[in-house]
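Enquirer: Taken in sequence, the protein lines are chains A, E and V.
Take the first sequence: its letters are residues 1 to 545, numbered as in the numbering used here.
Take the second sequence: its letters are residues 1001 to 1318, numbered as in the numbering used here.
Take the third sequence: its letters are residues 2001 to 2306, numbered as in the numbering used here.
Heads up, a few of these hints could be off.
Restricting the straight-line Cα-Cα distance to at most 20 Å, the calculated cross-link-like pairs of lysine-lysine (PhoX-like) are [to be verified]: (1) K2109(V) <-> K1019(E); (2) K1066(E) <-> K2109(V); (3) K112(A) <-> K368(A); (4) K2109(V) <-> K1028(E); (5) K1083(E) <-> K1233(E); (6) K1028(E) <-> K2229(V); (7) K500(A) <-> K489(A).
Simulated from the structure, these hints should not be mistaken for laboratory data.
Predicted, not measured: the structure shown is a model, and the values here were computed from it.
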Amino acid sequence: MRKLLALLLTVMMILTMAPAAMAEAADPIVVTVFRGDPGDQPTEDNKIYKLIEEEFGITFEIEFLAGDLDETLGTKFAGEDYPDLFDAGNSAEKAIQAGALIDLLPYISEEKTPNLWNHIKDLLPQLVNENGELFIIPNYGINYNAQIQNACNGPAFFIQKQVLAWAGYPQIKTLNEYFDLIEKYIAANPTNANGAAYEGFAILCEDWRHFCLINPVQHLMGRPNDGEVIINVNSGNWETETFIDKPYAKAYYAKLNEVYNKGLINPDTFVMTYDQYIAKLSSGTVLGMFDQTWDFGTATAALETAGMYENTYIALPLVYDEEYGYGVIEEHYLNGAVPNKDRGFGISVNCEYPERMIDLFENLLSDKWQKILQWGIEGEDYYVENGRMLMTEEQYKNRQDAAWKMANTALTIWESAPKKQGTQDDGNAWAHSDQAENYFNLMSDYDKEFLTAYGYKKPADFFNAPIELAPYGEAWQIDKSPIQDDYDKYLLIQDQWLPKVIMSANQAELDANWDAFVAEITPYAQIYTEFMQAEVLKLVEQATK
Amino acid sequence: MMIGASRKTAQRPLSSGKKLFRKLWAQKYLMLMSVPVLLYVMLFNYYPLWGWRYAFQNLDLSTIKKGAAWIGWGNFEWLFKEKLFWLGFRNTLAMSLINLVFGTTSSVLLAILLNEVNTRAFKRTVQTVTYLPHFLSMVIVVGMAQNMFVTDGPVNGILMKLGIVDAPVWWLGEGRYFWWLVGIINVWKEVGWNSIIYISTMASIDPTLYEAASIDGAGRFQRILNVTLPGIKSTFVVLLIMNIGHLMEAGFEIQYLLGNKQVYDFSQTLDIFVLEFGIQNNKYGRAIAAGMFKSVVGIILLFGANFVAKRLDEETLL
Amino acid sequence: MTAVPQEKRKPKRRDIVFPLVNGFILCVLMFITLFPVLNTVAISFNDGIDAVRGGIGLWPRVFSAEAYRTLLSDKLTYNAFGISVARTVITTLLNIFFTSMLAFALSRKEYILRKFITLAVVLTMYVNAGLIPNFLLIHRTLKLSKSFWVYIIPTMFSCFNMIVIRTYIIGLPDALVESARIDGANDLRIFWQIIFPLCTPVLATVALFVAVGSWNQWFDTQLYNGSKKYLHTLQYLLKMKLATSMNTTNAANTSVDALVNSGATKSTPVTVRCAITVVSALPILIVYPFLQRYFVTGMVLGGVKG
């Protein structure tokens, strides 16, 4: 009797389990997500997430970064407390090092996941590590067909449009022209209409975002973004050198010092957190800064939502004036498309259903879903006319509204997920904002007038055309963990000394501070230079093989 | 207790294993009440000491899973060459010393002032008010300090009105102010609380001493000088020595919450060094070495202080 | 008391001047103590946009309860309040229970293990493994992170308080225990029915210490439960707000115009931070006056022995 019962039970168990295993793909699951950036939760009745839930049975529980990135990651590594989808932001190398992510290559193949395969197959040699493993599919920088560059999305000097408008739309090409204009503007308009004082120039120094402080010099010298080094791409030997300890860097910080002593820089800028920086930019009281466009997207959105278009920023490709003594410098801010290696979602070792995550990425990379993610629902968020995807003014406005986006887009997932950029096979742009018709026709009247005054169609017209991407890519992507300690020091010394240099009271103090800075950083700069030189050569060799 | 035990064995020279067992059995409830707590202490206070072995291993992010290798004194060698470590050490000592001096003098002063108050209700009110900040969390206190010390805050406002400074001072952004700011905030938070012990010591001073002093024609200040201060001397010395034993504890929260990159050279303490290297940079071995160094120096200071206290024939710590 | 001989003294001129000066100094001190607290309350009740312009004293300039409305419209606030209350109550009860139990056992002179356990426990006041070993213990060995119990389990016992309670128990008449033992009561009953109730004053003190410590804790949330927003405590919410609204110079530039223009809520990070400060300090401010008479005794007991 007992045996019979046991048998019966076993049979029943098999019967109940078998269909469960077969229907696994549709089982509703909750996927935990970590995003290594601060952000806002999507609304609960978000339209796109609802679609994803219906089709894939997946809902997301998203954790945004609150506080220090490395400390937050540190607690995750110690407890091996990993979300299913893990975007460790700017410290993603650490997640790989900690063994938190699974190798994705075994899940990706031409047959099983054609979309993903097509997405990365050409870049695979660049993306995999020495052991041939792939942990993260880049979140940005993989273009289909022609790359579209309407605006500079990377580093540049920024200035509020109203400043240029006030001065009669001058061409600002050099550092001195830029600061002269800001100075003149503040002298004429010390406060805005509400009586809040303008701040001439802001420098974000928080954590890894200190690139706003330490990166500009290479661009002033006419190079695209190689992080903390300048590489000679013309000699054929790829000589790599740090620039921050060179006299041509001192010129920039001396200029900032001059600007600081004129009261155009608030000392608070050196201790500002990222949130405070965004709040300040959103207030429209900061006239200029060096940054990268994506870094202050929320501030731009806030300004646009508030209709403060005159306070939004235009990117300018500044170089040193001839009088600095480095000749006439040709600017090269825009670079060829570079895949954002090691940035974006990885799947953690704690994830119980890696296949379904891959399946999700695979499906989201399909043309159908890419349109939903980047354009929305046809008829609701855009319409099609003569094969062109277009938007009404209202639809376009919605796309700039932060609150609307939380309810009607899957931005929070999309930002870290693999995505198609560039041009669709039918000639439409993948990103709604890249679509030529939308871009100019639907831009605010203010922006239209602004560009027209310059005789331009798009903000990128301020820039030279992108140059060809160097064979090593962009050097900032090189993983520095082998020299982590020295690299950390190298950065810390800059974080500590450069503000001091900028805040020097007079020329003598400035010289003393600069010399002390150079003396302290030189040994680390040497280590860093040697390391980067070797890595660059390795990458060049790899690319030319 | 030792005496009691030995006396008992002396009374019963024939005490055997059986007797011991009987005694243990009789005390089973006492054991029930104490052994679990002992085990708890073993787990939460002694077991982590076993983690000190990592101070001699290259434990970091990549080795924590695979297992770290022994590297001898490598972490310590690195530590003693590290500028940031010595900076942290300096800042820890500096802020402790400032706390010690400010904290002790301010609470003795407050106790003396309160001791001279004859109106009971007033004394009580002052005490109630000044004890209060002790119970507020450091997060709250730092938030309030932030409100007070921002450049356009009340502190600069008052200083400028009094003509002490003519432009707002950047209190929170300049390194050289940081130690003193921490000292002031700590005094604000703890002066009332720390004065309790002195007030109660003063209350136990024999009143006839004051009477005698008065008859000798001593004024109020002389009475304070000749009766009150000698009356609290022993308490003062004991507390001072105990505090010297805690010199490695400069507090962690206040520096962590109030510090920023601009004042980093002055705000970074050993605790923050450990946090940065251990949790943010995942160099567990090095961070544990730094923590171990701090603990060992702390233990030496504590036992040293205890030893001195004993030599001075005051009450001991244990 | 000290007042007796002073009354007998002949009143001199100095004796009128001194109390006045003394009283004045103490009043200034009280003002300095209370000002930041009242200032925070005032800012929390001020209009957010107006508050960022600074210069608020003891009274709101433009009254508004918007900061509290913002705070109380977020269900995470209630959740955090609940977690804070729960951790404080549970920790306090368990800590008092275990600590006083050990204190009783170690107060029994005849207890064989007394010396050993006392030494083992007291040594922990000297030897501390440090942050990282404890961090690894909680995260890796015990796997307590991401749970409510990480607030409770590591704080169930405190050595300093044990010494305070033990000193108090030793001060009780021995005859109490002896006569109970003759009546046949075992140690458990003696502790629970005789000693424990008699310890009420000292236990109240210790409970206050433990409760305040637990209520004010935020670092454990940051280290162990940062990723679990439903386990965040009030103090941790406040700490996060502090990090995002901390300025070293005037705050006047913060997003005021964006808020004005977008017609968004009229609370700003600064006023919300002050409102959380008030909410998280309120329970302590309410309970504190009632327990004041206890903790002075406790402090003296601990100070002498600790």
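Enquirer: Evaluate each hint against the coordinates.
Expert: Hint check results:
no. : hint                  : in the structure
1   : K2109(V) <-> K1019(E) : 18 Å, holds
2   : K1066(E) <-> K2109(V) : 50 Å, violated
3   : K112(A) <-> K368(A)   : 18 Å, holds
4   : K2109(V) <-> K1028(E) : 15 Å, holds
5   : K1083(E) <-> K1233(E) : 40 Å, violated
6   : K1028(E) <-> K2229(V) : 45 Å, violated
7   : K500(A) <-> K489(A)   : 17 Å, holds
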